[in-house]
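Participant: As they're listed, the protein sequences go chains A and B. The working numbering applies: residue 1 is where the first sequence begins, and numbers increase by one. The working numbering applies: residue 390 is where the second sequence begins, and numbers increase by one.
Everything labelled a hint here was simulated from the structure, so no lab data went into it. Please read all numbers here as calculations on a predicted model, not as lab measurements. We treat Cβ as the ideally placed atom computed from N, Cα and C, and that holds for glycine. Treat each hint with caution, since some may be false.
Said to hold, decoys possible - No more than 27 Å apart at the CA atoms, straight line, and that leaves these computed lysine-lysine pairs for DSS-like:
#1 123/A <-> 278/A
#2 457/B <-> 445/B
#3 388/A <-> 338/A
#4 185/A <-> 123/A
#5 212/A <-> 445/B
#6 445/B <-> 338/A
#7 212/A <-> 388/A
#8 185/A <-> 32/A
#9 32/A <-> 67/A
#10 422/B <-> 338/A
#11 422/B <-> 445/B
#12 457/B <-> 212/A
Said to hold, decoys possible - Covered stretches of chain A (chain B as the covering partner; in silico rule of three or more C-beta atoms under 8 Å from a C-beta of chain B):
#13 350 to 358
#14 366 to 374
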Amino acid sequence: MGAYEFRMPSLGADMEAGTLVEWQVKPGQEVKRGQVVAVVETQKGAIEVEIWESGTVERIVVGPGQKVPVGALLATLTTVGEAPSRPPIAPAAAAPIPTAAPAARPRPAPAAPRARISPAARKLAEELGIDIARVEPGGPDGVVSREDVERAALAMKPAPAAKAAAPEWHAQMRRAIAVAMARSKREIPHYYLGTEIDMTRALTWLEQENAKRPVAERALYAVLLVKAVALALREVPELNGFFTDGEFRPGPGIHVGMAIAMRGGGLVAPAIHDADRKGLNELMADLRDLVTRVRGGRLRSSELTDPTITLTNLGEQGVETVYGVIYPPQVALVGFGKMTERPRVEAGGTSSRRMVNATLAADHRASDGHRGALFLAAVGRLLQEPEKL
Amino acid sequence: MGAVTREQIKSVLWEVLGAIAPEVDLDAVAPDKPFRDQVDIDSFDFLNVVIRLHEKLGVDIPEADYGKLATLASTVDYLAARCGVTDKGRDR
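So here's chain A without its partners, still in its complex pose (with noise of 0.2 Å):
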């Protein structure tokens, strides 16, 4: 017999509290690994969080309506005593900013009138819209610093119960990805690579599989990239993972993270596991699942905290180049433009051909451009034979 302390999990860089909002399990009850056992609202809406863990619920410690910081012990669980069996995927992706403790909350009464605070700090507040003042220190010098600004934006909101409203809703997104993006550009020192890739026999070979199947059953040509990308990262593994305390760490699994926007603005990046051993029909079951459940449901926590790429798809928007921003700590983001008919000269004749812009944002401390290269490479190499896919 063993014990296990459920904690507040990370969901992503941009965490750092959370809310209760239910128990799906209670003391006395028996829970296994990858279950489902609450559910927390943060900025990217309502996620169910799974335990990685099997045994039964001691006690909970947090009650529903309670918001707690990333690591607060929300539930103990009393284990038979078997290894913990989920070990690189969380602690990897699950503590993107090195935990410098939950430190700065912000105050209800301004802080003493003489606290030093660094101008990158002020400067920030300035842009998110922070009181500085109300911001404290979070480190033994007593300065106040970006980062204490950073935390202070993202434990600003008092706790909204189940569900915000709309509008509050989608400030607190705004105000995730204002904290996640600015960290991207200051910290990560981007390379950019764009290559165009001929798409025909890819769409010519997907539409004449979607003709053979019923409409459900239809692919879309998104999971082709999918799978193409998750293939290629195997080839080049320096752009599948994460930089963090100082050095690139390999992801556990290849798992790829869709941009996808909601309704009314902001967008989430979540995983579609072991991307590169399904099938086509599994991973278009995978997409399908994700997108009605960012549009309408729930995410699971696993699916914010595990994806070691990011792949973004803006072509029906109507670009035909993206220019990625890394979503921190992974080292890479892959973007995909519209589809376009071009003119091919080969051979002295022309041909049209259907071509998408393919373009990589790679973090430079991870890879180098030469590997970059080998990559989109090989993402359009494989895309040349989409029955192998």
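Given the structure of chain A, go ahead and fit chain B onto it with the hints provided.
Facilitator: Coordinates of chain B only, in the frame set by chain A:
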């Protein structure tokens, strides 16, 4: 679904699109301009529309015909033809 009228087809289409884009007033959408931009639906939403129409009206919509479902007006026309509705209703 047995014999249907254009009015019923329009109502099914409104219901299906309304479920995906509840915030949009479909009566304010220009019927002769592409609705995907106006209602802000992407290829996943569109596939779901096709699946729901198939379920509710029992018509098969081949991928090659997607182009005929560009505007609300052309979609109603297309579905009416597929459902065997002959009257050119004056519902728009």
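Participant: Give a verdict on every hint.
Facilitator: We went through each hint and held it up to the structure:
1. Proposed proximity of residue 123/A and residue 278/A is contradicted: the alpha carbons are some 46 Å apart, above 27 Å.
2. At most 27 Å may separate the alpha-carbon atoms for a hinted pair to count; residue 457/B and residue 445/B meet this at roughly 19 Å.
3. Restraint check for residue 388/A and residue 338/A: satisfied, since their Cα atoms lie roughly 24 Å apart, inside the 27 Å limit.
4. Taking the CA atoms of residue 185/A and residue 123/A, the gap is about 15 Å. The hint holds against a cut of 27 Å.
5. Between the alpha carbons of residue 212/A and residue 445/B the distance comes to roughly 21 Å, so the proposed pair stays at or under 27 Å and holds.
6. As the CA atoms of residue 445/B and residue 338/A are separated by approximately 32 Å, the hinted pair breaks the 27 Å bound.
7. The straight-line distance between the Cα atoms of residue 212/A and residue 388/A is roughly 18 Å, inside the 27 Å bound, and the hint therefore holds.
8. Distance check on the hinted pair: residue 185/A and residue 32/A sit about 40 Å apart at the alpha-carbon level, beyond 27 Å; violated.
9. For the hint linking residue 32/A to residue 67/A, the alpha-carbon distance of about 25 Å falls within 27 Å, and the restraint holds.
10. Taking the CA atoms of residue 422/B and residue 338/A, the gap is about 20 Å. The hint holds against a cut of 27 Å.
11. As the CA atoms of residue 422/B and residue 445/B are separated by approximately 24 Å, the hinted pair is consistent with the 27 Å bound.
12. With a C-alpha separation of about 20 Å, the suggested pairing of residue 457/B with residue 212/A holds against the 27 Å cut-off.
13. For the segment 350 to 358 of chain A, the stated coverage by chain B is violated: 0 residues have a C-beta nearer than 8 Å to a C-beta of that chain, whereas at least 3 were required.
14. Three residues within the 8 Å Cβ limit are the bar, and the segment 366 to 374 of chain A against chain B gives 0, so the coverage statement is violated.
The structure fails hints 1, 6, 8, 13, 14 (numbered hints given earlier, in ascending order).
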